[in-house]
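Residue numbers (the numbering used here), protein chains in the order written: chain A, 1 to 312; chain B, 1001 to 1372.
Mixed in with the good hints, there may be bad ones.
Covered, in the sense of this in silico footprint (three residues per stretch, anywhere, with C-beta under 8 Å from a C-beta of chain B), are these stretches of chain A [said to hold, decoys possible]:
| # | region |
| --- | --- |
| 1 | 124-138 |
| 2 | 157-169 |
| 3 | 248-255 |
| 4 | 264-275 |
Since the hints were derived computationally from the structure, they do not count as laboratory data. Owing to the predicted nature of the structure, the values given are computational and were not obtained by experimental measurement. No residue lacks a Cβ here, since even glycine has one placed at the ideal position from N, Cα and C.
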Amino acid sequence: MTATSTPPREAVPQQRVRQRPGDRIFAGLSTAAAVMILVILAGVAVFLVWQAAPALVAAPEQIGGESFWAQVTPLLFGTVLSAALALLIGAPLGVSIALFITHFAPRKLAAPLGYIIDLLAAIPSIVYGLWGVFVFAPAVVPIYTWLNENLGWFPLFAGPVASGRTMLTVGLVLAVMVLPVITALSREVFRQTPTLQQEAALALGATRWEMIKYAVIPYGKSGVVAASMLGLGRALGETMAVAAVLSIGGGITFNLISNQNPATIAANIALQFPESTGIGVNLLIATGLVLFVITFLVNFAARAIVARTTKG
Amino acid sequence: MKRSTLGRAAIPAAIVLSLGLASCASNEQPTDSATSADPGAGSSSSAPELEGTLNGAGSSAQQAAMQSWIAGITNTSPGLTVNYDPAGSGAGRTQFLSGAVQFAGSDAYLKDEELTKAQERCNGGTAIDIPDYVSPIAIAYNLEGVKDLKLSPEVIAQIFDGKITTWNDPAIAAENAGVTLPATAINPVHRADESGTTANFTDYLSKASNGAWSYKPGQEWPAQGGEAAQGTSGVVAAIKATAGSIGYADESQAKDLGHVQVKVGSGYVGPTAEAAAKALDEATPASGRPEGDIALDINRTPTATDAYPVILVSYLIGCTSYADATEAANVKGFFTYVTSKEGQDAAAKAAGSAPISDSLREQITTSLELIK
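Please model the entire structure based on the sequences and the hints provided.
In structure tokens form, the structure reads like this:
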């Protein structure tokens, strides 16, 4: 270990190095941290199943007249619909912003813009909710009215329009909320694209767009998918913003601009919990369990997609 | 090369997701505020001095009044610290029954099964409901140029059920002769969360509307249609945001909106504290309650023509018997102050509630004697 000229790689002796206390402590700490994550996750899962069980096995009369699945289906639908809308709007936007920052923006603009996007992630969700209710929802009413008058035959815009507190507004607010996650991760991935490949594309006569299309995007695809799934995770679990913005009417509908919207699981729990007692609480926790499972499925799906795109 | 990028994205992904889930779950648990009551060591329980900490939780409707009461009792008994967590009536009752807090505030009196459960918590005694907060619920609307709208319970029921959809409907015009009503669409606004305000409003609709309201009264809004908003402030904001809206909210929170005068007998009455107090006088005690419990069933069709029947009665819930004598003295002292004339006036000033009558106060005083 003394200062010598760099030894050839093969010459490194394979003998066991004496363990020092620092190594042991660090290994122990990091192992404990890793185990803790698993324990916490298992703890949450056990709590959910244990608390949800009474509602899952209860007769429909005990939990408000309808069976558990009849009650949770509209919630599930609302959760998936709002998250899907958010992703549909947020993902292309986030990827575009990331590409702009890494490949189009002048250096002076790129850094502050990236910083501002990251800042969006720091805004508490309830602030997004209040902004959605007081500023955004009233502002989009004229647009919804126009949509309803001109495209009212299309089920998505059947209306009637009253206030702007609709599923589409929620989707847009959630899109803004998932934007920083998707942008930040995509930006990092695009930035890693090997310069050689980009230069090679340009040298072959590709325009800048073609270079991005053939060199940058394929390279970053799996990262973008992972980023989108992270964003989807946030949108699925978002509580306060949805609870504040959405006007909940129950039922399943694709009508995006009326006041009758299906609730989301997380928002429903937040809204109904304070006044719930007994089996009502178990019922809410059971819906939470459903959300837990859905989020897991999304994560697994994301990993599957990532694994496939990596191999291909 | 690709692999490393992947790991970078996927590992934080897993961590953030699981953290997000963990925080989801923790939201579902009621936040137990500090539960340990300081047992004011050494002080004898017969002394009028109140000492230690008293923890309560429950109704958010009582929050403004509760703040004035906490300020008031701190003046007279500086040794006593009262904490109140406005977690919601249901959460408050649950925490009280589990022994996490010494008293609860609730917009509904204890259900029979909760009374049974309370015997265990109350050290062999029973739990009692003490009415402490009476507030008129305003039916507020946003309609430019229209003041003092008059509506019968039947018409109100049809509006909130989506049967009457425009403001110039003949049924509304018939009750408001001489008022020019616009053809604006009606946007009925209701609570998205379960609430005592909804329970009282739907109770009023089902009892006073002669069958025009076909749903059962309850904390959760039963009808389809209309806009839903979170909390009293959410409802008020939604009414203000859209012209042609009508909704229901605690009168003190909806001051700057138009208030419907509801039909009582042959006249019309607006939501004032005096009119609410008149309606409370006609409330009848609920049947089958334990000794000392003052649970009231409100008469939604009062005979007094100046009574406003859309009111909310909120309760303090305590035990007749506490394991700790200091605790019992604290609860008794605080309840006595809250229901005193002084306490009720403080709440009226702070939250616009209707002070309880002297005859009800006498009844309450007798009940509070039971707390030991």
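Here's how the hints hold up against the structure:
A stretch counts as covered by a chain when three or more of its residues have a beta carbon under 8 Å from one of that chain; for the region 124-138 of chain A and chain B the count is 4, and the coverage holds. Chain B is given as covering the region 157-169 of chain A, and this holds because 4 residues of the stretch bring a CB closer than 8 Å to a CB of that chain, at least three being needed. Beta-carbon proximity to chain B at under 8 Å applies to 4 residues in the region 248-255 of chain A; the threshold of 3 is reached and the given coverage holds. For a cut-off of 8 Å, the count of residues in the region 264-275 of chain A with a CB near a CB of chain B stands at 8, and the three-residue condition holds.
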